[in-house]
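Visitor: Protein chains in written order, with numbering that gives the first Met the number 0: chain P, 0 to 199; chain X, 0 to 149.
A couple of the hints might just be wrong.
[As the list claims (entries may be wrong)] Below, computed lysine to aspartate or glutamate pairings styled on EDC-like, alpha-carbon distance capped at 20 Å: (1) P:K64 to P:E43; (2) P:K76 to X:E70; (3) P:K29 to X:E129; (4) P:K76 to X:E55; (5) P:K17 to X:E129; (6) X:K112 to X:E70; (7) P:K162 to P:D120; (8) P:K29 to X:E132; (9) P:K18 to X:E43; (10) P:K18 to X:D41; (11) P:K17 to X:D41; (12) P:K29 to X:D41.
[As the list claims (entries may be wrong)] Computed Cβ-Cβ distance ranges for the label pairs, DEER-style: (13) X:E146 to P:K18: 29 to 35 Å; (14) X:E70 to P:P13: 51 to 57 Å; (15) P:F33 to X:N52: 30 to 36 Å.
If you're looking for bench data, these hints aren't it; they were derived computationally from the structure. All values derive from a computational prediction rather than experimental measurement. Backbone N, C-alpha and C fix where the C-beta goes; we use that ideal spot for every residue, glycine too.
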Amino acid sequence: MLSIFCYIKEFLRPEWWKKFLFVKTPPLVKPDYFRDYPHLTGNECTHELRCMMICPSPGAIEILKNEDGKWAPVIYKGHCIRCGLCVEACPDNVLASGRILEQNETDNTSFLASYYINVNDALCMKCGNCSVACPINKEIDPQLAYNATSSSNNVIMRVKGSKLTIMHPEKCTGCKTCEKTCPNNAITVARVIEGDQDDD
Amino acid sequence: MGIIQSIKNKVRQRSIHVCYVNVGSCNGCDIEILACLSPRYDIEQYGIYVHNNPREADILLITGAFCEQWEDKLADLWEMIPEPKAAITIGNCPVSGCTFNRRGSFVNPPVSKHIPVAASIPGCPPRPTEIIETILQLAPLVFKDYEEKK
Ligand code: SF4
Ligand code: SF4
Ligand code: SF4
Ligand code: SF4
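This is chain X alone, in the form it adopts within the complex (with noise of 0.2 Å):
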């Protein structure tokens, strides 16, 4: 491995741009994800960084269970994050529908099955530590050595 490399591994680790969306989520989660950003957890610090830009990303954060309308839309807002990416569902709802997957209503769960997701973050809502520590843990996984995995 390089010396550029290698700096390229410490800079990324520091330097971790989020997106999120919400799929249709009861906002519990999405509340919890605004919790990262106030002074209690201070997700800056880390060097995780919340834009709503796709084009931006390198992790893209999904809340909820998966409304039929999002079925085209997803997959597009996927394909403008560019390389290297990766998805991460936050709570109960993208893996299982939770609260709204029960008879009559329109939800699709689980995210998986519509774009490749990499980890999953079970609660309802998960702890905004547990959010933090799964980002940290993941983003080194996915953008280590990006260049040389081409």
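Just chain P, with the same shape it has in the complex (with noise of 0.2 Å):
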């Protein structure tokens, strides 16, 4: 009898009823700390093209001109998988995503990128065509052109003395313009990454 009574009172309760009319568990957030799609910040984006070259993803990530004529990543949804090596890789924080700045903040950790380019002088016949389309070449010395025979000795390379010379592989970004000009795939740039951490 008592138990049937206390039963009565277990049901009669307006919190028994709330819970077992309604949603129980709390609304569907997200973390705060979740990595999810990069995200602007509003750092002017500087046009080095290192989020693009980490990516691990084909088609996730694109440098375009917006509607001010600034350049800015566009993420495509569907392509990218979220693993957040674009915003470490930004020297500049124009993206960012969870916690991982102000993870690279207190950890003082970022990734170095350097740009080594080799020619196979077997192959090269000093046509010249990667020189003349290297965007820094053109940049340095606009005369540069046909042959890629020009006097300047500050481009990154050029054809001097019926070879092929690389002068200042410092100053390479990386671009890869060179290697897809060459019509015998005579230059090929390597990309090298390093993860790197200050200790002071």
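Take the two lone chains, each set in its own frame, and fit them into one complex as the hints suggest.
Guide: Pasting the structure below:
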């Protein structure tokens, strides 16, 4: 008799009805530290394309000009796997996602990028296509054209003494334009990314 | 709208039956669907029930990059689901092929060119909350006033 009374008492509580009829776990929200699709922080993109280079997923990120004519990364959902590497690789902190930037700040970690140009002299026919196509060369010496035999010594590479000579490999930004324009696949650019941690 | 119709709408919102099919995924997305069943997310409290029988299903969840063998099978499966129905793709794979879309692989994404897809949940894999949210948002749109729309 007492137990029946207890049951009735239990079921008459409004709290019980609320729990019975309505959803019980907290609302579906993502925690703020969730590494979601990277979003723009508002810093200006300097078009170094590190994010595109490091992105492991084909077609996930592109640097496009926005309405104001400024470069800005665009992330394609359905391709991006939210790995967050682009956020870490960007030297200007243009992108942010979850706690990545804060974590890099506290750990003093960053990615260092370096590029190595390698020319296979046996394949190279000294046409100079690579040197003319290189956007950095174009900025340094706009005169550099056909055959790349201009006299400027500040360019990354040019044909000098019937040999393609690399003069300033440190200026290379790793865009691989030269690789794509070479008719003989003689020039290759290796992009090397190093993880770096400052101890102090 | 009649009273019966509004009752139907109410009830249908709390009774969504899903069936999931893996058309060539890495299992990552399937594990996230499984996580939805766990007490942490517990999809049954939202009125979403999982069956692995297309004839009982309202919503078809699709994971994977669409392998060649599914060409006829997925269409058959889609035919078996009674109206009203909707397909939701889960993950990057059904959209872009993700990690499987490379030279020498036999996948044929996107899934939307094989059967009509109502919504896609991108992510590799998406969070369980994203999956549940999408189902909850899509189901009323598809099932509301179904008899009157016919
Ligand atoms: S988060 Fe990863 S996959 Fe997405 S755009 Fe950035 S690097 Fe590419
Ligand atoms: S990778 Fe780009 S910047 Fe570097 S040498 Fe080639 S074209 Fe010039
Ligand atoms: S484009 Fe190729 S073949 Fe021509 S100079 Fe450059 S490396 Fe040599
Ligand atoms: S989207 Fe990613 S996690 Fe999902 S099946 Fe494809 S590869 Fe696996």
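Visitor: Confirm or reject each hint.
Guide: Comparing the hints with the structure gives:
Taking the CA atoms of P:K64 and P:E43, the gap is about 12 Å. The hint holds against a cut of 20 Å. Taking the CA atoms of P:K76 and X:E70, the gap is about 25 Å. The hint is violated against a cut of 20 Å. Straight-line distance between C-alpha atoms of P:K29 and X:E129 comes to about 9 Å, which keeps the hinted pair within the 20 Å bound. Only pairs whose Cα atoms come within 20 Å are accepted, and P:K76 paired with X:E55 is rejected, the gap being roughly 31 Å.
Straight-line distance between C-alpha atoms of P:K17 and X:E129 comes to about 25 Å, which puts the hinted pair past the 20 Å bound. Note on X:K112 and X:E70: the hinted pairing holds, with a Cα-Cα distance of about 11 Å set against a maximum of 20 Å. For the given pair, P:K162 sits about 8 Å from P:D120 by alpha-carbon distance, which is consistent with the 20 Å threshold. At most 20 Å may separate the alpha-carbon atoms for a hinted pair to count; P:K29 and X:E132 meet this at roughly 11 Å.
Between P:K18 and X:E43 the alpha-carbon distance is near 14 Å, which keeps this suggested pair within the 20 Å criterion. For the given pair, P:K18 sits about 14 Å from X:D41 by alpha-carbon distance, which is consistent with the 20 Å threshold. Using a Cα cut-off of 20 Å, the hinted pair P:K17 and X:D41 holds, with the two alpha carbons roughly 17 Å apart. Under the criterion of a C-alpha separation no larger than 20 Å, the hint pairing P:K29 with X:D41 is consistent with the structure, at around 16 Å.
Our hint of 29 to 35 Å for X:E146 and P:K18 holds, since their Cβ atoms are close to 33 Å apart. Between X:E70 and P:P13 the Cβ separation comes to about 55 Å, which falls inside the hinted range of 51 to 57 Å. At roughly 34 Å, the beta-carbon separation of P:F33 and X:N52 lies within the given 30 to 36 Å, and the hint holds.
In this structure, the earlier hints numbered 2, 4 and 5 are contradicted, and the remaining ones agree with it.
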